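Protein chains in written order, with my numbering: chain A, 1 to 436; chain B, 437 to 872; chain C, 873 to 1308; chain D, 1309 to 1744.
Do not rely on the hints blindly, as some may be mistaken.
[What the hints assert, rightly or not] No farther apart than 27 Å at their CA atoms in a straight line, the calculated lysine-lysine pairs in the DSS-like style are these:
1. D:Lys-1420 to C:Lys-1281
2. B:Lys-747 to A:Lys-409
3. C:Lys-1019 to C:Lys-1114
4. A:Lys-237 to A:Lys-130
5. A:Lys-409 to B:Lys-674
No wet-lab data here; the hints were simulated from the structure.
The structure presented is a predicted model; accordingly, all values stated were derived computationally and were not measured.
Number of protein chains: 4
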Amino acid sequence: MAQRIRINVGGTLFITQQETLTSYPNTRLARMNTKMTEYDATDGTYYFDRDPECFASILSMYRHRELHFPKYVCAMKMRNEMQFWGIPQSYMSRCCWKTFYEVDEDIDILDKLAVSSDGKASDVESKNFKERVWVFLDDPSSSQAAKIWHCFYLLVVFVSCLVLCLETVEKFRVKPFIRHVSSNCAQHMPTTHRKVAIKMASSYCLDASPAILYTEAACVVFFTVELLCGLVICPSKKIFFKNFLNAVAVIATVAMWCCLIFEFNKEILASSNRMVYLHAALKFASVLRVLLFFRLAGIFNSLQVLLQALKTSARELLLLFVCVVIATMVFGVIMYYIEFPSESSMNNMFISMWWAVITLTTVGYGDVVPSTILGRLVASVCSVLGLLLLALPVAIVVSNFAEYHRRSKDKQRHLLATCGLRQKYMPRNNIGTILK
Amino acid sequence: MAQRIRINVGGTLFITQQETLTSYPNTRLARMNTKMTEYDATDGTYYFDRDPECFASILSMYRHRELHFPKYVCAMKMRNEMQFWGIPQSYMSRCCWKTFYEVDEDIDILDKLAVSSDGKASDVESKNFKERVWVFLDDPSSSQAAKIWHCFYLLVVFVSCLVLCLETVEKFRVKPFIRHVSSNCAQHMPTTHRKVAIKMASSYCLDASPAILYTEAACVVFFTVELLCGLVICPSKKIFFKNFLNAVAVIATVAMWCCLIFEFNKEILASSNRMVYLHAALKFASVLRVLLFFRLAGIFNSLQVLLQALKTSARELLLLFVCVVIATMVFGVIMYYIEFPSESSMNNMFISMWWAVITLTTVGYGDVVPSTILGRLVASVCSVLGLLLLALPVAIVVSNFAEYHRRSKDKQRHLLATCGLRQKYMPRNNIGTILK
Amino acid sequence: MAQRIRINVGGTLFITQQETLTSYPNTRLARMNTKMTEYDATDGTYYFDRDPECFASILSMYRHRELHFPKYVCAMKMRNEMQFWGIPQSYMSRCCWKTFYEVDEDIDILDKLAVSSDGKASDVESKNFKERVWVFLDDPSSSQAAKIWHCFYLLVVFVSCLVLCLETVEKFRVKPFIRHVSSNCAQHMPTTHRKVAIKMASSYCLDASPAILYTEAACVVFFTVELLCGLVICPSKKIFFKNFLNAVAVIATVAMWCCLIFEFNKEILASSNRMVYLHAALKFASVLRVLLFFRLAGIFNSLQVLLQALKTSARELLLLFVCVVIATMVFGVIMYYIEFPSESSMNNMFISMWWAVITLTTVGYGDVVPSTILGRLVASVCSVLGLLLLALPVAIVVSNFAEYHRRSKDKQRHLLATCGLRQKYMPRNNIGTILK
Amino acid sequence: MAQRIRINVGGTLFITQQETLTSYPNTRLARMNTKMTEYDATDGTYYFDRDPECFASILSMYRHRELHFPKYVCAMKMRNEMQFWGIPQSYMSRCCWKTFYEVDEDIDILDKLAVSSDGKASDVESKNFKERVWVFLDDPSSSQAAKIWHCFYLLVVFVSCLVLCLETVEKFRVKPFIRHVSSNCAQHMPTTHRKVAIKMASSYCLDASPAILYTEAACVVFFTVELLCGLVICPSKKIFFKNFLNAVAVIATVAMWCCLIFEFNKEILASSNRMVYLHAALKFASVLRVLLFFRLAGIFNSLQVLLQALKTSARELLLLFVCVVIATMVFGVIMYYIEFPSESSMNNMFISMWWAVITLTTVGYGDVVPSTILGRLVASVCSVLGLLLLALPVAIVVSNFAEYHRRSKDKQRHLLATCGLRQKYMPRNNIGTILK
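The shape of chain A in the complex, shown without the other chains:
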């Protein structure tokens, strides 16, 4: 019978044989000998002050020539022990990769959640007045007042967007100006563009009712003041413009000012068609105010987590995009040639691609519909395949977000537990016994 080697790891005794240990010669266990300080000659046992549970798995590796991961141990602890015993991670057998690398995912997510809450202004410790105002304007979670201020800001954004909408409704406009513009405009323009220009002019330049105009003006003034405050008080211009939403706010506010000036000086618009196009461009820029709604992410944590999850799902979003593009092209092209000889509404391939994408996403407007039997068969395949093809990457993004959501909840739970606020799940009967 082979000689038994006794190893005591953290109090648990393991017994094995010499030939078992030599199967991986370059590891700590294989090089063990009786001259080591860990060897206790009195009972012929090696004593190690390490974790016995991980060691059990590691010793099993010497027996089976495969390293399996005990699922209940945290992978980080196992890696630590593997380093101690001199076993590289590449020894981990294939069947255990799933559980062994799972923790990396969690840590990646917690890292990213930490980063997104790190860059905040409120982290600065001792603050003077300027810094405190900056924190107030920049971080809604810094104080109750800041939260209320941001809610008010969002309200103004909402009013401003509402104004944008109401402007376009017939009822809220007074129409004296239209004839003058249209006649004047039309003369300076090439015939082909005339119709569009008149429509543009008639819509953009119409006297919005005064109530609308003054509300708009009030919003612009508010945005301007808020931006100037931020710009003056911010520690550096770089930090200010690194925030995507600040840059958007600056562009939108400038555009809104220009639009207002046009609105009060409509003669400029009538002067030339260049002005009409300039006005249209400014109008487009001023629409960016809609994006200011994303300031909500500062107050509403779930939205921030959602945006974070989307940001880190870049590969999956790309996959979604690629799937949609390839499927659209394939089905669009096939459908065009199938429907071509019939009296279908698919006159060119772009229309059939439009049909394909609207079918793939199961929106199905019904403005373009195949009319041949073969076309309908392909459309059926397209709609089922669309369901499937879109579900695949969407499911991955969804599961990413779900992970972020759950980790973010865990983080909040940990913060609460650490702060001692959440004692309710503590077992009650033992509270008296702590450190008695």
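Got chain A; can you put chains B, C and D on it based on the hints?
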């Protein structure tokens, strides 16, 4: 070689070194000394009557300077042991948060499920006749008879709703009254409202066929009697009206009575246009009877769990709402300016927002459709993004509900196991050996 | 210091104190004494030949006054041990219900999968000729020949359905008969039904082209022969008609025969309008042949698992139904009153309910669409809520099916492993060492 | 008291009784006797150098007569130990199948992921120039240059597809030829086909604008050169054509050449109607270029994983197909007979099936819509059932893909960990202690 410390926890021996234990000086293990009652001098071992599995993890913390959670242990037990050994929850290392805080979710859900079944009238122990009737009317799960009674109640609700529907169908109406009302009405009204008023009057006041009217009357009487019984017998009015459905029932019943009175005295309606509007308002209120269907939740447990899950998913529903609103505004505004110069049907921004929301939810009616190439490109992006953006919060709500559903099933299983009704999964060969 | 009690369970030593054990007086451990046969006086230890892992958890219960379930142990084993130690299942603490009752789900599913494959004719052991033919006709998985036969049967079903479709296409009909019927028919009928009757007659009675008719006749003969064989050979009539598909086949075949007779004797149809209605009813019955496609479940295991999962998801399907009905009624009624004064197409409440259900399921035909601003707002809410409300029960059914699918896969894996066919995942280096 | 048997497995002592062990007589444990080399007479104990954790479970089997699987052990290790102790896999009790066979799924997936990356040209070790070019052309992941080359290739494919689209747009065509063709064509053709032929000719043969034509020509030349290079350099023709995309490229390129020849010699087209049909066929073949987009899978790993997952989900895709087909037939047939007497647009059964499939997938174009009350009821059921029925198989495919995606991520993590690139998750405080 360092001196070995022997700790016997619940029979399992752990061996470590003094310097390992001193790494966290403020804990019970660091302050251990040979004068403690737990120290047994005969074999130089500390004896603790605690759980050995949790202690293994805690001792590992002293070695690795990181506290990892052994996944197989219930987190509640671990917290209990951590309290005993004087280790705060904040020591738990980041990689184990997932498993360590998972149990809180389960307990939260079981708490909420317990609450929803706690407020029931049937919990009162010794009941007099009044209380027993109250239980009968309030809690369908209290007895078989109560269940049948509630089914009958739901049937009446269904009949009442059917009457509501049939009233609106042309066939079930007799039309002698219309000319009188319309001519009479029209005179008293401003010209602009005339058309609507006539249509309203013609629809609301038309003689519904007698069968319909008498069925309606029967339903109203039934509801009235049921409500009065409940009101008289209920221990306190506060409890009665705290139940949302009772409040709804009261409003709906009163409105139904008023409508019936109008129905039998149509001359009042013809007298003035104020009466027409009053009648319309009452009609709206009487429609609330549809909500009485939610009484089904009392009988049908799954529906109750669903409503409970929705109630606790408030944050996720808010996220869904915010996602939809932001995406609608962004896409609506963009689409309006893109489609504006074309001959599109998007005349104002509200229509383009209507288009956006119908596309985002992939409903796609097709009544408003982009017609330009750029517009269609944006529509494609909108439909894919809609799929994605709605899937994210919906998935979280769905997973919440799934958790509630599973916990509710577990609860039922536990109740069955406790009541001894579910012995079928008990191993058979050992039943004889219990407590022999 | 309290006296230590030494318990050796399956070789693992546990040490505890007397007062710990007496906390649950009615259990086996509390009643332990030195006179038991398990007590070994030589080393003052109780020896039990039980599982040490489960005992660790049970002993912890005496210490913490809460029974926690060690997640890695199979719950069935734990229950077994709990019985031995005299601990009822109701002691299991709430936080561990999830893992403790999880296994019941798996066993329920495996039970149902076993039942669905148990009732098969092929289980009979020693078979005579009649039984063998019965197995051949009833169970496609009994032999390769039976599989081919069932594929051929499905092909005939497909041809028969194709015939059903082609009959309705204008091209495949010859039209001499129509005038005779329509004129004849119309005379005997009340004026209001005339139009429908003519259309019915013109469609049902038209001479289908001979190719169609003879194919139909061939199919009918095939079905008849198959059914007669089954009926003659089947051990009992009860078993034969208990199979839902056999009953369907009988009805469909009889109806097909009658239809064929009508087809060849069209004068009967022209004789009276009763005959026209009888013919229509028979036509409806003969359509049931479509359901014969479900015979595919016998060959295609996944379809069988799907049907099984749907069958056991009855509660969730009911929930889905209830959700759809309540949401349809609520939104339908609200929308009717909102859209009522406008020039909408929602003339009665059934149309607005039709709109509601088509919007809730995000189908969105666009035939009925709200036109007022408020109506569109409600429609937006309806579409988002529909997405959510339908997703909830569907997700539960889906997860049920996924469980069935996975368990069915596990079962196949086990069968393969048991049959020794699936050795590829066996570790190779140890195969030689088995039972040496 | 029964005699106790002491078994020491890997250092852990197990104590049991002889009668316990004999319950499974054909296993290694039952045949144990004191003459074995494993028996140590000095302390009356059997010593085995095996895994103690697995042995605990196996010994429990002798006690409970059921083999339960300890969830934390890797199933592969357990199988290894079961082989050693002579216990067949079929002994595994039903409640543990789930965890016991779970690992097979993971290994199956990793196998398939390995196969898909095995067949690559880049695996060849020592390469000569020809081989290196082959690797460069075949495997984009072999080098940075190969990646860039493949991106450029995809760009050309994109341009080629764009040309395909632009050709079909009215604007990009010059129209002198149309009259000649149509008049000429029409003479040679049967009257019924004339209209289609003219439309075909007018579309296919129109002078595309020269810019379009020359871009097309450039693309064709590029594809030809790339294919010839590949064909010449490839080690064997079999390998070349085994790649599905190469075969597609060859067909598409040949067809594009022919089309170009037709384009520059339009007189041939006018000569006979056979030529028109030939041209149409060639046009169809040249459309296959769209499939070349799948070359993207070589660069974009996620797409490859998606295709792999779809390939192995064949059974589930078949199930999806069967579900759709059966549901379409059932609902199509029912709806036809319901809607038949009304003035519906469902004239034949193929149209009602088209309606059914478009409703089942919730696309809902709205071109065919039921108009009767009963028809709408069936449509409601159809849309809800469609949602459910499609969700079931799609969910399985999605979960398959999710598994593939996660395993593919694990694989990448393992590669990184093995390469030593990913040290960031290594615990830092212990790095110095490795193998000191």
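Here's how the hints hold up against the structure:
no.	hint	in the structure
1	D:Lys-1420 to C:Lys-1281	holds, 18 Å
2	B:Lys-747 to A:Lys-409	holds, 18 Å
3	C:Lys-1019 to C:Lys-1114	holds, 22 Å
4	A:Lys-237 to A:Lys-130	holds, 14 Å
5	A:Lys-409 to B:Lys-674	violated, 36 Å
Consistency note: the structure conflicts with earlier hint 5 alone.
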